[in-house]
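Top to bottom, those sequences are chains R and S.
No gaps in the numbering here: position 91 of the first sequence is 91 in this note's numbering, and each next residue is one more.
No gaps in the numbering here: position 427 of the second sequence is 427 in this note's numbering, and each next residue is one more.
Check the hints yourself; a few may be wrong.
[To be verified] With the C-beta cut set under 10 Å, the calculated list includes, among others, these residues of chain S facing chain R:
1. Lys14
2. Ala33
3. Gly37
4. Arg41
5. Glu231
[Unchecked claim] Below, in silico cross-link-like pairs of lysine-lysine (DSS-like), each with a Cα-Cα straight-line distance of 25 Å or less:
6. Lys210(R) / Lys35(S)
7. Lys35(S) / Lys14(R)
8. Lys54(S) / Lys97(S)
Just so you know, these hints were derived from the structure itself, not from any lab.
Using N, Cα and C, we set each Cβ at its ideal position, and we do this for glycine too.
Residue-level listing of the chains:
There are 2 protein chains.
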Amino acid sequence: MTKCLEKFRYINQKVKQYEEALAVLYWDLRTGAPKKGVDIRSEVIGTLNAEMFKLSTSTELGELLTELEGKDQWSKLSEIDQRLVAETRKDYDRAVKIPPELNHKYVMLTTQAENKWEECKENNDFASFESYLQQIIDITNEMIDLWGVKETRYDTLLDQYEPGMDVKQLDKIFGELRDALVPLAEKLSSSEHQPQTDFLDGQFDIATQKDYGTFILEQMGFDFEAGRMDESVHPFATGLNAKDVRITTRYLEDDVTSALFGIIHEGGHALYEQNIGEELIGTTLATGTSMGIHESQSRFWENIIGRSRPFWNRYYKDLQERFSQLKNVDVDTFYRGNNVVEPSLIRIEADELTYNLHIIIRYEIEKMIFNEGLKAKDLPQVWNKKYEEYLGVNPSSDAEGVLQDVHWSGGSFGYFPSYALGNMYAAQFMHTLESAMPDVWEKVEAGELQPIKEWLTEHIYQYGRMRTPRELIEGITNEPLNPKYLINYLTEKYSEIYKL
Amino acid sequence: MTKCLEKFRYINQKVKQYEEALAVLYWDLRTGAPKKGVDIRSEVIGTLNAEMFKLSTSTELGELLTELEGKDQWSKLSEIDQRLVAETRKDYDRAVKIPPELNHKYVMLTTQAENKWEECKENNDFASFESYLQQIIDITNEMIDLWGVKETRYDTLLDQYEPGMDVKQLDKIFGELRDALVPLAEKLSSSEHQPQTDFLDGQFDIATQKDYGTFILEQMGFDFEAGRMDESVHPFATGLNAKDVRITTRYLEDDVTSALFGIIHEGGHALYEQNIGEELIGTTLATGTSMGIHESQSRFWENIIGRSRPFWNRYYKDLQERFSQLKNVDVDTFYRGNNVVEPSLIRIEADELTYNLHIIIRYEIEKMIFNEGLKAKDLPQVWNKKYEEYLGVNPSSDAEGVLQDVHWSGGSFGYFPSYALGNMYAAQFMHTLESAMPDVWEKVEAGELQPIKEWLTEHIYQYGRMRTPRELIEGITNEPLNPKYLINYLTEKYSEIYKL
Numbered sequence: 001m002t003k004c005l006e007k008f009r010y011i012n013q014k015v016k017q018y019e020e021a022l023a024v025l026y027w028d029l030r031t032g033a034p035k036k037g038v039d040i041r042s043e044v045i046g047t048l049n050a051e052m053f054k055l056s057t058s059t060e061l062g063e064l065l066t067e068l069e070g071k072d073q074w075s076k077l078s079e080i081d082q083r084l085v086a087e088t089r090k091d092y093d094r095a096v097k098i099p100p101e102l103n104h105k106y107v108m109l110t111t112q113a114e115n116k117w118e119e120c121k122e123n124n125d126f127a128s129f130e131s132y133l134q135q136i137i138d139i140t141n142e143m144i145d146l147w148g149v150k151e152t153r154y155d156t157l158l159d160q161y162e163p164g165m166d167v168k169q170l171d172k173i174f175g176e177l178r179d180a181l182v183p184l185a186e187k188l189s190s191s192e193h194q195p196q197t198d199f200l201d202g203q204f205d206i207a208t209q210k211d212y213g214t215f216i217l218e219q220m221g222f223d224f225e226a227g228r229m230d231e232s233v234h235p236f237a238t239g240l241n242a243k244d245v246r247i248t249t250r251y252l253e254d255d256v257t258s259a260l261f262g263i264i265h266e267g268g269h270a271l272y273e274q275n276i277g278e279e280l281i282g283t284t285l286a287t288g289t290s291m292g293i294h295e296s297q298s299r300f301w302e303n304i305i306g307r308s309r310p311f312w313n314r315y316y317k318d319l320q321e322r323f324s325q326l327k328n329v330d331v332d333t334f335y336r337g338n339n340v341v342e343p344s345l346i347r348i349e350a351d352e353l354t355y356n357l358h359i360i361i362r363y364e365i366e367k368m369i370f371n372e373g374l375k376a377k378d379l380p381q382v383w384n385k386k387y388e389e390y391l392g393v394n395p396s397s398d399a400e401g402v403l404q405d406v407h408w409s410g411g412s413f414g415y416f417p418s419y420a421l422g423n424m425y426a427a428q429f430m431h432t433l434e435s436a437m438p439d440v441w442e443k444v445e446a447g448e449l450q451p452i453k454e455w456l457t458e459h460i461y462q463y464g465r466m467r468t469p470r471e472l473i474e475g476i477t478n479e480p481l482n483p484k485y486l487i488n489y490l491t492e493k494y495s496e497i498y499k500l
Numbered sequence: 001m002t003k004c005l006e007k008f009r010y011i012n013q014k015v016k017q018y019e020e021a022l023a024v025l026y027w028d029l030r031t032g033a034p035k036k037g038v039d040i041r042s043e044v045i046g047t048l049n050a051e052m053f054k055l056s057t058s059t060e061l062g063e064l065l066t067e068l069e070g071k072d073q074w075s076k077l078s079e080i081d082q083r084l085v086a087e088t089r090k091d092y093d094r095a096v097k098i099p100p101e102l103n104h105k106y107v108m109l110t111t112q113a114e115n116k117w118e119e120c121k122e123n124n125d126f127a128s129f130e131s132y133l134q135q136i137i138d139i140t141n142e143m144i145d146l147w148g149v150k151e152t153r154y155d156t157l158l159d160q161y162e163p164g165m166d167v168k169q170l171d172k173i174f175g176e177l178r179d180a181l182v183p184l185a186e187k188l189s190s191s192e193h194q195p196q197t198d199f200l201d202g203q204f205d206i207a208t209q210k211d212y213g214t215f216i217l218e219q220m221g222f223d224f225e226a227g228r229m230d231e232s233v234h235p236f237a238t239g240l241n242a243k244d245v246r247i248t249t250r251y252l253e254d255d256v257t258s259a260l261f262g263i264i265h266e267g268g269h270a271l272y273e274q275n276i277g278e279e280l281i282g283t284t285l286a287t288g289t290s291m292g293i294h295e296s297q298s299r300f301w302e303n304i305i306g307r308s309r310p311f312w313n314r315y316y317k318d319l320q321e322r323f324s325q326l327k328n329v330d331v332d333t334f335y336r337g338n339n340v341v342e343p344s345l346i347r348i349e350a351d352e353l354t355y356n357l358h359i360i361i362r363y364e365i366e367k368m369i370f371n372e373g374l375k376a377k378d379l380p381q382v383w384n385k386k387y388e389e390y391l392g393v394n395p396s397s398d399a400e401g402v403l404q405d406v407h408w409s410g411g412s413f414g415y416f417p418s419y420a421l422g423n424m425y426a427a428q429f430m431h432t433l434e435s436a437m438p439d440v441w442e443k444v445e446a447g448e449l450q451p452i453k454e455w456l457t458e459h460i461y462q463y464g465r466m467r468t469p470r471e472l473i474e475g476i477t478n479e480p481l482n483p484k485y486l487i488n489y490l491t492e493k494y495s496e497i498y499k500l
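This is chain R alone, in the form it adopts within the complex (with noise of 0.2 Å):
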C-alpha cells in the first residue's frame, strides 16, 4: 500500500469510527436515556460531530484524494479503494462547500425546530412552527446555491439520498404509478368483498408479541449475536457496525400486528447491513448504497413477504398458538384482514397501496417549495387540496395534516420519495428474483427464507455502497427502474383480495 492511500485509509476509517459511536450515542438517547442527561448528552454528540466534519473536510484528505485520483495512482488501486476514493470525493464536494459558520446555523436551527415541531404537533398549532420552518427552507436555498444546481434546485436535494435521482424521472415514474394507484384504490373501496377486521380487536400480550416478533426476526435470519431489537417510540433501524446492527418496535397492546410488521420492516433494514461483504468492514463503504434501496429492503421484507399469502400459510399457526383469541379466525380471514386498503390521512399508518400517495404528495410539495417558491404559510392549504384530489380524505387539523411527519423539522427535504422508491425497487427485484428461482413462494410457504435472504445479500447487500442505486438495478433486473412492477404486483394481489 502506498503511503498515501495508507493515509487515506486511515482517516476514512477513523470518519466511520466516529460515525459508530454518534450512532451509538443516539441509539442510546432513543432507547431510554434519562430525560434531565439530554441537554449535556446533546453537547457530548455536537462536539463529536464536529470532530467528524472537521476530519472529513480536512485540506490534508482533499490533497490525498486528488493525489490518488492522479493517473499514477489510481490505476493501482484495488477496485474497493477506487470507489472509496470516488464516494468519498462526492462526500468532500459537498461538505467543504458550505461554510462551517452556515453548517452549525443549520443543526442548531433543526435541533431547535425539531423540538418546536413535536410541541406545535402536540398542540396542533401550525402558525408557531411556520417561521421555523420557513428559515430551514431558506438555509437549505442557500446551500442549495452553494452545492450548485443541473437542472431543477430541487435535484440537488434528492440527489443526497438517491444519487442520480432527479426530477425528471420522478414526475414519469411518480406520474404513472398514480394514475394506476388512484383508480385501483377507488375500485377496491367500492368492492363488495371488504375485508372483514373486528378479529384484530383485543388484548394482545406484549411479551408474547415480542417472543413472536423475535421468532420471525429469525426465520428471516437476523443474527442476534450481531444485533439486538429493543424498544423505542419511534421504531428505526441503525447498523453501528456490520456485526452491531439493532432495531427498535413499540408494542401496542391492543394490536396483534402493528408491532411484528414494524419488526419484520426494521429487520429487512437490519439484513441488509448485516450482510454488508466483510472486505468493505471498517470504511465508510459498509452500509447501503442510497436511502431508496434501504427502504426496498424494509418494504421487500415486510409487503412483499410479510404480508403475503403464503407467508402466513407458513407462520400463522405459530400466532395462534401464542394468541388464543386467533382459535377461530382462519388463515385467509387473517391474511385479508392484514392487507386492507383505506385512504387515510396518516402516512405511517397506510397500506401498501396507498402508501404511494402518501409520497407522491409530499414529492410534489417539496418540488413546488424548492422550484416554485411555494411558502411555509401556504403549506397547510396546499397540502389539504392534495389530500382531498388524490386520497379523497380532509385533514381535520393540522396535527393530522402538514405536521405529521418529522422530516422537515429535521431539514430532510428530498427524503420521502425514498419510500416509494423502496416501493417500486422492491416490487422490481422480486420480479427478477420469480423467474431466478421459481419456487420462491413454495420456499416461503415452507417456512425457508434464507434462500431469499441469500439470494439479496448476493445481488444487493454484500456490495454496500459499492455499487449505485442505477447499478443494483439495471445489474440484476436488466432494466432501469420501472413503476409497472409495481403496479402489476398491487393489481394482482390487491384483484384476488378484493375479488375484482
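Using the hints provided, position chain S relative to the given structure of chain R.
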C-alpha cells in the same frame, strides 16, 4: 475570564465530553451489545481514547497549565479553577509519561481481555486467559517504570485509585484489621447462636424483585429522571454525567436479597455522582474524588444502612407484602439471616466482615505481582493457598477462585484495596454522623432516608474532586483514616447478632 483560562476550560470540557462518550460505549458493551460487534467496537473505543489522550497530553495544555500556575494568573483563579488546574496537572504529568502507542496497545488489550475473561470464567479455563493476564501485567510494569517509583512499585498503582495511599500505610491498616477480624470471625462461627437462613431459599419472581429494588432506590433518593437501572452480568454504576447516572444489577430467582443489596450498593455510588455540585458539571472535577471514597458510599448504603435492624424494621413489611413466602418469617429472623458471617469463596457474595479478608488476599497478591515479580501462571496456586490460610476454604475450580473478578482483565491493579478502605471510611463517617444527627437510627426506622442523603451531599457528594480523600476524612471526622471504627462497628453488631 482570561484567554488562557478560557482555552484551558475548553480543553477540559472536551476531555469530559470524550469521557462521557466512552462511558456510554462501555455501558453499552456491558449491558447487552451483540458479541460479534465487540472487536470493531473495541477499535472505536481505542480511537476515542487515543483522541482523549491526545487532548489531555497536548503541548498546548501543558503550556496553559504552566501559565495558569504562574503567580500572576493563579491568584486570580477561583477556588474551583485552582483545583481544576491542580488536578489536571496531576493527570497531565501522569499521562504525558505514557507514549500514545503504549496507551493504545493497553486500551485494546484490556478491552479484548475483558471479553476473553468472561468466556474463560464461564469455561473454567485459566490456561486460555493466562497469556492475556501476563501481557497486562507486563504493560502495567512498563507503565510503572515510566511513571516512576517512590517507595515500592505497587505504590505507583495504588496512588491512581486512592491518592496519597501507599503500601506502608496499608500494611499497617490492613494488619490491624486482619488481626481483629480473623479471631472475631472464628468466635462467630463457634457461637451456638447461628442465624436461621432456610427461609432465604425459594423462588422469588424477578419482576417483583425489580419492583421492590426500584422502590428502595426511590426511598434512597435516586433520581430516575437523571439515571436508570439495567441488568448486566457484573453489576456496576457509571456516571455518564451528573444528570445521567446508571446502575446495573443481576437478579437471581432463588435469592430474594442478592440483587437487592447489589442495587443498594450501586445506588450508593449513584447518589454520589447524582449530587455533585452544579458548579462542577461539565468539568473533570464532576466525579467522585477516589475509589475508596466512592466505595465508602456504596458500602455505607448497602451495609451500614441496608443491613441494619432499623432499616428492616421499616422496610421489611414492604418485602413481605410482595413475597408471601416470607409471611411467617419475623423481622428479627430476617435481619439475622441476612447478616450471617461465614467464610466463603466468592468476594461479591461475602458478608461484610469476611469481605475485608477477601480484599486483603487480593492486596497481598497484587503486591507480590508488582513488588516480587509473581507471574500470571502462578496465580491460581498462590490464590488457593491464601484462601485456605485466611478463610479456611478451598476453591474447587479457578472459576470460583482466581477467575472470579473482572478487575485484572481490565488492568485495574491497585483497585481492590478501595473496597476495604471504603468499609473503613464508611464506618468512620457513620461514627461522626451519629454525633451530628443523634436520632439518625430513629430516622432510618421511620423511613426518613433523605436527611442522611442530604448530610452526605453536604459533606461529601457536592465536592466531587474538589477535596482529596484525606481532606474529606480529616475535615469531617477530625482524624485520619482509622480502622478502629470499622472494627468497633463490626464487633458490636455481630456480638449482638451471635449473642457473644
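For each hint, the structure was consulted:
1. Lys14: 6 Å, holds
2. Ala33: 6 Å, holds
3. Gly37: This interface hint holds because 3 Å falls under the 10 Å limit.
4. Arg41: 7 Å, holds
5. Glu231: 13 Å, violated
6. Lys210(R) / Lys35(S): With a Cα-Cα distance of about 21 Å, the restraint between lysine 210(R) and lysine 35(S) holds, given a limit of 25 Å.
7. Lys35(S) / Lys14(R): Since the Cα atoms of lysine 35(S) and lysine 14(R) sit roughly 22 Å apart, the hinted pair holds (cutoff 25 Å).
8. Lys54(S) / Lys97(S): The given pair, whose Cα atoms are some 12 Å apart, holds under the 25 Å limit.
When each numbered hint is compared with the structure, a violation occurs for hint 5 only.
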